[in-house]
Amino acid sequence: MPEKNDRDIAVLGAGMHPWGKWGRNFVEYGLVAARVALADAGVNQLDIGYIAGADTIRNGYPGFVSGATFAQALGWSGARISSSYAACASGAQAVANARAQILAGLCEVALVVGADTTPKGFFQPVGGERRDDPDWLRFHLLGATNPIYFALYARRRMALHGATLDDFAAVKVKNARHGLNNPNARYRKEVSVEEIAASAIVSDPLRLLDICATSDGGAALVLTSMEYARRHGIADPVRISALSTVTPTFPKTVLDLPDFATDSSVAVEPQARTFRSAIAHAAYEEAGLGPEDLSFAEVYDLSTALELDWYEDIGLCETGGAEQLLRSGATTLGGRVPVNPSGGLACFGEAIPAQAIAQICELTWQLRGQADGRQVENARAGIAVNQGLFGHGSAIIATR
Amino acid sequence: MQKEQRPAVADWFTADDGVVRLQGSRCDACGTPYFPRNALACRNPHCAGPKDGSELVEYLFSTRGRIWSYADARYKPPPPYVSPDPFEPYVVAAVELEVEQMVILGQVVRGLTVDDLAVGMPVELTSGTLYEDDEAEHTVWMWRPIDA
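In order, the protein sequences belong to chains A and B. Positions in the first sequence are counted from 1; adding 45 to them yields this note's numbering. Positions in the second sequence are counted from 1; adding 171 to them yields this note's numbering.
Hints were generated in silico from the structure; no laboratory data involved. Mixed in with the good hints, there may be bad ones.
[To be verified] Which residues of chain B face chain A? A few of them, derived with a C-beta cut under 10 Å, are: (1) A181; (2) A244; (3) R245.
[Stated by the list, open to error] As a list, the in silico DSSO-like pairs of lysine-lysine whose alpha-carbon atoms are at most 27 Å apart: (4) A:K165 <-> A:K234; (5) A:K66 <-> A:K234; (6) B:K247 <-> B:K174; (7) B:K247 <-> A:K165; (8) A:K66 <-> A:K165; (9) B:K247 <-> A:K66; (10) A:K297 <-> B:K222.
Backbone N, C-alpha and C fix where the C-beta goes; we use that ideal spot for every residue, glycine too.
Isolated chain A (complex conformation) (with noise of 0.2 Å):
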């Protein structure tokens, strides 16, 4: 690994409430897996400078103003606070908010936390007729849900690719043994090709087990300067080493949820990379490191499918390259570079605003070597991409 370079941060806590359908308040979610980050940390609340909540959006007021409601469910301890929404990298966005913080020295030691109720199905737009509001005329014009999306790529994947049913199937019996021993992850259960094939269809291609779930769940980590990591005895901490969270350039060529249309690339010639690809990239820039680096990852897999796209995103292989990446079982535990030790969002359904945060928490417990039942061997680089809506997305790389 590369020098550690003066914009490192050091994660001392990582802490999750277990992903399900509890169907109880967020703030317990959060506030569990802030207690648990705490504990692991060894951090005493009274010395948090700064607490970032990723909000949510579906759970009123409280999940707009999360950093305050965090604050104030651990007892009001006279922190500064910030509450982001990003979409599906609001938990992203988060740990860049505390890692400024850190970085400028206006805080040693900060808590991130974010968590989700969700309710069942698909997940639709926010209440209220909206006309002016993409989101919702997506839903009213074209009945474009989520799924239908990622259907979209995922046939196109087969166009273009050659990507086959068994492919994606493969993906979902890969990420369901990589979670079996996850203990938050919420399905710890062999799926089988056939029971994938025999699942109904939701969206052609997509079958229900290629689809994730929405769940419930929190996710909280401590983030501290190197110094403060120093100074408390901890020589090796597992480090963030690069943070993105940059949009896509104009014009923007591959449709994006919310999306009626792409950008027209009739004035100006688009760019080589992609949005996701582009996102990654600025991680590997700011990290001084390459995909050949990586000892694994941790990506969005929506869908079966889209796992397959963010091999290349993320410079795993060449753009046309997953298939065989994925059929060599170089992204199974005990092969080259691990793809969603953790199970993924396959094993954990989608809490937005917790998800990004539980990339993290995974990387930290991969770095530690601390991953019970599902270790990376000699894990020492990892990179965490998500993507979100309108135009949000993050990539995140951990070293240790």
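Given chain A, put chain B in place with the hints provided.
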């Protein structure tokens, strides 16, 4: 009696000249077309136009393209989609327009399934009924295979 046909959204598509076309806008300065209509300012950061909206003019899109990808819905989506009871599956296609060099989503004409489509298939724009209530048939733009 035939119910009134009414666009489910105003000014996103038109059939005024007998041909169904998507209505959007286009930047006079750099030539970038927008759908849905962009009236605020050209979003091309390299465009040298005034970027105050005055560069954006009404634009009618070309009507033919090729399927970039397609998918169907087998389960009733949540509101604000208006589903008939019982639910009828529908197909959504992303279509690449050669002239505008962009991909635009639309439902595929009812009665077709994913088995009738393929990536690269030529399609053209038409309109069809999105949903029906006591007052009217609410219409929307739809893609249909050419020669189908």
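Here is how each hint holds up against the structure:
no., hint, verdict
1, A181, "holds (9 Å)"
2, A244, "holds (6 Å)"
3, R245, "holds (5 Å)"
4, A:K165 <-> A:K234, "holds (21 Å)"
5, A:K66 <-> A:K234, "holds (16 Å)"
6, B:K247 <-> B:K174, "holds (25 Å)"
7, B:K247 <-> A:K165, "holds (14 Å)"
8, A:K66 <-> A:K165, "holds (9 Å)"
9, B:K247 <-> A:K66, "holds (22 Å)"
10, A:K297 <-> B:K222, "holds (19 Å)"
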